[in-house]
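Got chain A sorted already, so can you dock chain B with the ligands onto it with the hints?
Here the protein sequences line up with chains A and B, keeping their order. Residue numbers for the first sequence follow the UniProt record's numbering, so the first one is 1 and each next one is one higher. Residue numbers for the second sequence follow the UniProt record's numbering, so the first one is 1 and each next one is one higher.
Treat each hint with caution, since some may be false.
Here are a few chain B residues that face chain A, going by a calculated C-beta distance under 10 Å [said to hold, decoys possible]:
id, residue
1, N32
2, C34
3, D36
4, F50
5, C54
6, Q57
7, E60
8, R62
9, V67
10, P69
11, V70
12, K72
Because the hints were derived from the structure by calculation, they are not lab data. Because the structure is a prediction, the values reported are computed rather than measured. We put the CB at the ideal spot given by N, CA and C, even for glycine.
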Amino acid sequence: MANIAAKRIKREFKEVMKSEEVADGTLKLELVNNSWTELKGQIAGPSETPYEGGKFILEIKVPETYPFNPPKIRFLTRIWHPNVSSVTGAICLDILKDQWAAALTLRTVLLSIQALLSAAEPNDPQDAVVAKQYRENIELFHLTAQHWTNVYAGGPNVILDFVQKVQMLTDMGVDENQARVALSTFDWELERATEQLFS
Amino acid sequence: MAETSEAQASASAPGGDGSEDDKRDERMLECNICLDTARDAVVSMCGHLFCWPCLHQWLETRPSRQVCPVCKAAISRDKVIPLYGRGNTKQEDPRNKVPPRPAGQRSEPESAGGFPGFGFGEGFHMSFGIGAFPFGVFTSTFNFGDPRPSPAPRGTAQYDEEQFLSKIFLWVAILFVLWLIFA
Ligand SMILES: [Zn+2]
Ligand SMILES: [Zn+2]
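So that you can see chain A by itself, here it is in the shape it has in the complex:
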């Protein structure tokens, strides 16, 4: 790995560890390997959002050309958000692409991703299905996001109706994650989700 990249990541790692966000549990950062090319981040779901109370884990890959090019970051924890793929966890955030600036750090990037959870941009979506629900049925979007936060990120809010519907499909032999995606996609209408799953 290029010298400047490793050196910078080491520095940033120390800085994050000393930050108040780590102290208050907003952020976490850990190494995945000893070559400083891969890390794991964790952000707390912001309060007053459907993600509140959840812990979201992120995969961070540092390119050879860092910091001249951005780190590659995606959600490992599944999340229902217009700017994150509900399937792959890929994030649509300008600073991770063409708006990257070399002075941004892992800390500022993680905080930006956390801010994205508070302020979705449905007009620049990563996941068209989620974005459509966000635009057309914001209440249902909130409930769905809360349900996903509960199931995948340890959030506190159990949405009983959704849990039961997923259970119905898994009883029919459908994979749990697949059932959840189908139901979420079809606004929790059991018939349409079933139809799609068994077609």
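Just chain B with the ligands now, kept in the frame of chain A:
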């Protein structure tokens, strides 16, 4: 006064590997790209400090979108100001130095060809090629690994001529070295 002594303390232990934590004063002079103490420092019109090599690489990475890595204000090679500290007696504009770019720009023939002399039958060829003038390099780099077809076959007039020339160069090289030693 506490600040002054702290500044001196950190100045006496110049940063670099980041082994000493908490050098808050020094962070004022850190490059915004490598986060190390800025070397060949330049400052942008928006007031942000960088090493010139770091900023140069940033500008090269996205030539179509030249913005300050900190505040995203417009930035360009001509609109940065080099900073000269007291220790910097020459006041050489860092922008005039060749920024450290991928190797190859200033590489010398010797390093480019590895050890071209090896494989050559005659020992003096090798010492000649490396010591005086990289003559052998040019022939060897193009047929590396081959059984060296380039020099004329033994016994021909051209072969003799080459041997003769080589010896002359060898003697010139020896004389040059002697001159270096005794002059
Ligand atoms: Zn620098
Ligand atoms: Zn700036």
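Taking the hints in turn, this is what the structure says about them:
no., hint, verdict
1, N32, "holds (4 Å)"
2, C34, "holds (5 Å)"
3, D36, "holds (7 Å)"
4, F50, "holds (9 Å)"
5, C54, "holds (8 Å)"
6, Q57, "holds (6 Å)"
7, E60, "holds (8 Å)"
8, R62, "holds (8 Å)"
9, V67, "holds (7 Å)"
10, P69, "holds (4 Å)"
11, V70, "holds (4 Å)"
12, K72, "holds (6 Å)"
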